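Given the coordinates of chain S, work out where chain X should sit on it, guided by the hints.
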Amino acid sequence: MASSTVPTGSRARRGSRAPEDRPVRRVRRQLPSSPWLFAAPGLLITGVFVLYPFVSTVINSFTDRRTLIPGKFVGLANFRELLDDDMFWIGLRNSTLYVLGVVPALVILPLLLALLVQKNIPGITFFRSAFYTPVVASIVVVGLIWVWLLDERGLINSLLEIIGVGRVGFLSDQWLLLVSAMAVTVWKGLGYYMIIYLAALANVPRELHEAAAVDGAGAIRRFVTVTVPAVRSTMVLVGALSSVAAFKVFSEVYLMAGPSGGPAGEDTTLVMLVQRTGTGLTGRVGYASAISVVVFVVTVVLMLLVLRADRKDES
Amino acid sequence: MSVLEKTRPDRKPAAAREPRVTDEHGRRIRVWELALRYVLLLVVLALTVGPFLWQLSTSLKGPTEDIYSSPPSFLPGHPTLHNYERVANTIPVWDYAFNSLKVATANVVTNCVGSALAGYALARLRYRGRRVATLVFILAMLVPVESIIIAQFTTMRELDLNNTLIGVVLPACIASMNVLLMRNAFLNLPYEIEEAAFVDGANAWQRFLRIAVPSVKGTLAVVAIFAFMGAWDDFLWPLIVLSDPDKFTLTIGLNYLHGTFANDERLVAAGTVIAVAPLIALFACLQRYFFRGVGEGAVKG
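Going down the list, the sequences are from chains S and X. At position 171 of the first sequence the residue is numbered 169 (the numbering used here), and the sequence of numbers has no breaks. Heads up: take any position in the second sequence, counting from 1, add 11, and you land on the numbering used here.
Keep in mind the hints are simulated off the structure, nothing from the lab. A quick note: this is a predicted structure, and the numbers were derived from the prediction, not measured. Virtual Cβ for every residue (Gly too), placed ideally from N, Cα, C. Check each hint, because a few of them may be wrong.
[Stated by the list, open to error] Okay, the calculated bits of chain X under chain S, using three or more residues with CB under 8 angstroms as the criterion:
| no. | region |
| --- | --- |
| 1 | 60 to 71 |
| 2 | 163 to 175 |
| 3 | 197 to 205 |
[As the list claims (entries may be wrong)] Dumping the calculated EDC-like pairs for lysine to aspartate or glutamate here, alpha-carbon to alpha-carbon at most 20 angstroms:
| no. | chain 1 | residue 1 | chain 2 | residue 2 |
| --- | --- | --- | --- | --- |
| 4 | S | K70 | X | E169 |
| 5 | S | K117 | X | E44 |
| 6 | S | K117 | S | E208 |
Chain S extracted, bound-state conformation (with noise of 0.2 angstroms):
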């Protein structure tokens, strides 16, 4: 960093004589310090905690570094290992379905949630405000709320036996687990996206609802006529929010299938498996890194994805 070479001393000795110092001088002779003085913690904090690892980690992905051991390089060994390693493809097709199961979820339940607290009808702040709860707590409370509803013998199971459902494995099940913990990650999800959609519906023309009312459209029609193009933008960007973030699950599956993904593993998540095998005192660096670099890409590309879907949309 450039900027953190500046001096210290300069800032008191500037602010000290700058009552008699003249406007015009002072721009020669303050400026060019005084800047970087200003960017330099966040720069450095950015640098060293952010862009530095960011290139260690494409480093270290062609190395075989672990935690204790420095490693050397060894080209494209740990990707030709990825291909044939199972956790791999069973991480990246948990992700993947990931983002399948609960984005169109994030993108549609909280437009609907927006809609229904959007008229200011008496006690809706409340409502506005309750429905955003979620949000606020911590992933480990809702992970660990979850799996006490959701137990073989919590209160979900008690109440699917009263209306004769009968008991079901929510967290046993590898698949239902799965689901589980989509619907967790949407219910957390809920209330942020509301509000996103609440600002965008306050721009949606009132004139456009009267005039397909009056052209007789029912209110359904009209959802679909004049609210969702109003909103279109909106709904690409929370698809694009939601889809980097779904893609990077850890917490949900981690606290409901356990550290190890379930039994077998069945339910590991990529970033649950970057965690896993590059942590700790004989973690391998160099191996995670590889995979670090594909959830990169991965995000990269889902982003790069939705924002094409709606240029296209636009044309």
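Positioned in the frame of chain S, the structure of chain X alone reads:
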């Protein structure tokens, strides 16, 4: 958040003057539609808040009360704080809460100071390399934390800061997103005021502290709240960087509690209530900024 702020003032007088309910366009809402809306609202309310209340109820049930009963009993028969005592005897839950508080407070201070300074430099100060600096923050914001977390861990080991609370705080202590939020807030201020101060002989620090920062308090509050919530709720990074149980934050402590005493539902429930209560209280007091943060963050993110 224009929805919440714009509509709030005119709602109350309208309700007081006339009993009938109108929508945001001043049209009357039919009674059956209104009833349907409230029914749906109550259903969603039960789905979103119900799980929290069930957890609270479980945590208040004593050792003799059946928590698995069918039909379930929603209210504890004899409410007791016994389980909260037990959590404190099982894990040092108050130490963990204090660790979380330290991490979250530090995160608030560093994010507010660091991103205000950097945001000001990007928005207002002229120097070579400003565009490069802006680009650095934009690129950094786009890198998903999960994809560099192993390298962050090895970096922390190189700095000999792994397994410390400082190590927990550092990577996100001046988030690029916050820097860019502050930059936009400063860009939205009229330039003329600062120009006048400049002509009057105020230097960059004086303009920053006396004019610019007081004008962006709202955005600063958003940064502070999301920094607090982010640090208090974070799970993956502290899980990786902390290995010594003495230094656990609440989320890691809860994970440990769940892993070791999974079958003791009352105990885990009491632990989760301790972890979530402070944030719900904070949210209840400062709702406006939570909602504003979503709007501003989403546009940038």
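Comparing the hints with the structure gives:
no.: 1; hint: 60 to 71; in the structure: holds (count 6)
no.: 2; hint: 163 to 175; in the structure: holds (count 5)
no.: 3; hint: 197 to 205; in the structure: violated (count 0)
no.: 4; hint: S:K70 x X:E169; in the structure: holds, 18 angstroms
no.: 5; hint: S:K117 x X:E44; in the structure: holds, 12 angstroms
no.: 6; hint: S:K117 x S:E208; in the structure: holds, 15 angstroms
The structure fails to meet hint 3 from the earlier list, while all remaining hints are met.
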